[in-house]
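Protein chains in written order, with my numbering: chain A, 12 to 114; chain B, -12 to 152.
In case anyone wonders, no lab produced these hints; they're calculated from the structure.
Bear in mind the structure is a predicted one, so any value in this text is a computation, not a measurement.
We put the beta carbon where it would ideally sit given N, CA and C, even for glycine.
Among the hints, erroneous ones may be present.
With a straight-line cut-off of 30 Å between C-alpha atoms, the simulated DSSO-like cross-links for lysine-lysine are [what the hints assert, rightly or not]:
id, chain 1, residue 1, chain 2, residue 2
1, A, K36, B, K124
2, A, K36, A, K108
3, A, K36, A, K99
4, A, K108, B, K14
5, B, K116, A, K99
Going by beta-carbon spacing under 10 Å, a handful of chain B positions derived as facing chain A [stated by the list, open to error]:
id, residue
6, T0
7, F25
8, G101
If you want the building blocks of each chain, they are given just below.
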Amino acid sequence: MGLTGFLTVSAALFTLGMVIFISRKNAIAILMGVELLLNAAALNFVAFARFTPSQASQLDGQIFAVFIVLLAAAEAVVALAIALSVYKEFHQVRADKLVSLKG
Amino acid sequence: MMGIPELFFYFFTLMVIGIGCVVAFSKNLLRSAFALFFVLFGVAGFYVLLGADFLAIVQIMVYAGGVNVLLIFGTMLTADISTPKTSNLSFQGALTVVAGVTLFVILAVIINSGNWPTYVPGEMMATTKDLGRLLLKEYVLPFEVVSFLLLASIISAIVLVQRGD
């Protein structure tokens, strides 16, 4: 369970997120895929912070992961607000059915 | 001989990948949303194994407690729950699985063939104090920018949901 173990798990998580992101029809499911992608990236940062820390500070990678968590929270809030207002307008959130910009 | 950390590593790996497959391939959107909860818990477990105690708690509180509950609410408010079998269909499912497996094999080969200059990690220390110091000294500008971003996202969420009644 060295660095490569964590990187491989993170690559698998990234792949799962990418599969969800490109194959799902529901907008909220796509959002779940984005969360998995961001988690994979944060896991990479933390793994590198543990096994190859920067000279200046041991915790730089963890700081990046903290910012990733914050950005993911902000992104989820805005994306769900968009999904709710789209649902009000079109009564569905299927990404393949939403084709008109000004409903 | 496998130590306790290795055992936990394989346990969390199984948890993240196995339940992640449920998130990716379940036909019921609500089931995907609840499975995502366990994936996020598994990632928090990896953070503990990597000595990032503060980050593990943040992961559980913000992701599992906040973002995932928000996603479950969004699912219940928008998906057609009366037909759960078809609430979460995929487009070109088989092709994307092939693409995903290919991507994973390429990434795994690259990761395992690379010669990473690793350094033997020292003892795990509590990180909260040092993280707080870093956030208020070296990283104070990104910290302020992110807090402004959070304010902007709160306001934009309110505006987006209120509009068009």
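Going down the list of hints, with the structure as the test:
no.	hint	in the structure
1	A:K36 - B:K124	violated (44 Å)
2	A:K36 - A:K108	holds (9 Å)
3	A:K36 - A:K99	holds (18 Å)
4	A:K108 - B:K14	holds (18 Å)
5	B:K116 - A:K99	violated (45 Å)
6	T0	holds (5 Å)
7	F25	violated (12 Å)
8	G101	holds (8 Å)
The earlier numbered hints that this structure contradicts are 1, 5 and 7.
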